[in-house]
Amino acid sequence: MSKREEVPKVNAGSMADIAFLLLIFFLVTTSIETDLGIGRIMPPLTDPPKAIIKEKNILRIELNDKNELLVEEKLVEIKDLKDIALDFLDNGGAARETSDFCDYCRGDRDFTSSDHPSKAIISLTCNRETGYGTYITVQNELIAAYNKLRNRESQRLFKENYSTMVEQYEYAGTPSAAKERLKERITHIQNLFPQKISEVKIE
Amino acid sequence: MSKFAKKKDGDLPAVSTASLPDIVFMLLFFFMTVTVMKDSTLKVENTLPNASETKKLEKKDRVIYIYVGKPTSQYEKVFGSEPKIQLNDKFAAPSEVGDYILQERAKKAQELQNVLTTALKVDKNANMGLISDIKQELRKVNALKVNYTTYEGDAFMNLNR
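Protein sequence lines correspond, in order, to chains A and B. Residues in the first sequence are numbered from 595 upward in steps of one, following the working numbering. Residues in the second sequence are numbered from 1138 upward in steps of one, following the working numbering.
Isolated chain B (complex conformation):
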């Protein structure tokens, strides 16, 4: 027949999906490696401020976390809309911070007890009054090393609310 025989019309070659599992696995491994399992559910709003002169936190087992912020909409009715402290899973008063630190410190291994850092994860709309109270409590129990956890970024972004 002629050299220009008509191809069978409308017959597109099927796209090979053989590499699809590989691509999906690649994504899967990415997410598996960057995932940090949360150890407490946040009950407060927690938009951290930005800063550029940051330091990396130490290993996770040497850090005690304190969260501060406005209760989320779910808890707003019961706890009001003023910023609150969250320790582990509970809301707490500033006076309870000291006991909490001592408790957490006792749980850590002996050799780590003197090198602990307290990470303050504070919402950028919180007030300094509460932070000052927490700091005073921390000084009472001699937990002097604090870290104001922030995102990496331009610090002036904190100013426009």
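In isolation and in its complexed conformation, chain A is listed as follows:
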């Protein structure tokens, strides 16, 4: 064997240093960003058709400049808001004989509160000085109330959680036939408890 055929070994001792250098670069430039949030769809600017809504079908929520929560003009703790919203939405106050009777509601059937979930509107008013953090907390509680009711109906009808169905529907790997079926179920649940949160413009 001649000496020429021996390949000299590359010294890998400095590999760690190079890797460290790269690592430190990425450590410094990294900012782990969030891509989660509360999704909302605002109404278009065109004037909505004037409809007469019964006062009992509206839950009036107001946030004042001291970040206090007023429900129907009474001071309420924010942690109680979810239950108030649940009671209001699930009330089903219309009488059994009328066309508005809600056969899936499990509320108190109080005739002074909302008739039917599809008629119940939550009206949210803010002050210019209200903090954004408080506003998000209130939005979060309202959506939590809707999601709880939707999950309940979804469990009853399809033995599956509403939120898992939405997750599956949005997951890219779900086959399109299953997606079609999920979409039908999701819209069905959404029609049982439509999200009607109205926000008045702040002057």
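Result set (DSS-like, lysine-lysine): computed pairs, CA atoms no more than 27 Å apart in a straight line:
| id | chain 1 | residue 1 | chain 2 | residue 2 |
| --- | --- | --- | --- | --- |
| 1 | A | K644 | B | K1282 |
| 2 | B | K1193 | A | K742 |
| 3 | B | K1282 | A | K773 |
| 4 | B | K1244 | B | K1180 |
| 5 | A | K676 | B | K1193 |
| 6 | A | K773 | B | K1192 |
| 7 | B | K1197 | A | K777 |
| 8 | A | K790 | B | K1192 |
| 9 | B | K1196 | A | K773 |
| 10 | A | K790 | A | K648 |
| 11 | B | K1277 | A | K790 |
| 12 | A | K777 | B | K1192 |
| 13 | A | K777 | B | K1196 |
| 14 | B | K1197 | B | K1180 |
Covered by chain A, according to a simulated footprint, are these stretches of chain B (three or more residues, beta-carbon under 8 Å):
| id | region |
| --- | --- |
| 15 | 1147-1159 |
| 16 | 1188-1196 |
| 17 | 1269-1276 |
| 18 | 1287-1294 |
With the C-beta cut set under 7 Å, the calculated list includes, among others, these residues of chain A facing chain B:
| id | residue |
| --- | --- |
| 19 | A613 |
| 20 | F614 |
| 21 | T624 |
| 22 | L630 |
| 23 | R634 |
| 24 | I635 |
| 25 | R722 |
| 26 | E723 |
| 27 | G727 |
| 28 | N741 |
The set of hints was computed from the structure by calculation and includes no laboratory data. No residue lacks a Cβ here, since even glycine has one placed at the ideal position from N, Cα and C.
For this one, chain A is given, so just place chain B on it according to the hints.
This is chain B only, laid out in the frame that chain A set:
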């Protein structure tokens, strides 16, 4: 000699550093994969609020970002300490939001123009007045899909400032 010959004293075996590059590479790859390159430097404070009922944002090319918050200490002297809107790299007035959205929308591919979401990255200490102005501007240009970007967490943490 005896069976219990004295070992050479003070001679610890060297720790092998052969796997060090592997460990460092592992860390490196982790950071490389989670890194999101920023496209604009933040000039405002941006501590997002927490929420639990969140939805994942859509793909990045379908989102337009609007930042709101108090100018950072560097800019406080010039722009004051009231919350401001930041669009791309500049501070802006609420009336400029509409034009900005139209501009950004025109930059996107045709088929995406109707499915755009506006992500509002708002500092939790901002006031609703400014947010309301932005929302009104967004409605004027028909950008109705908004996402209040938050961190995942307990929403009640927003209440104690």
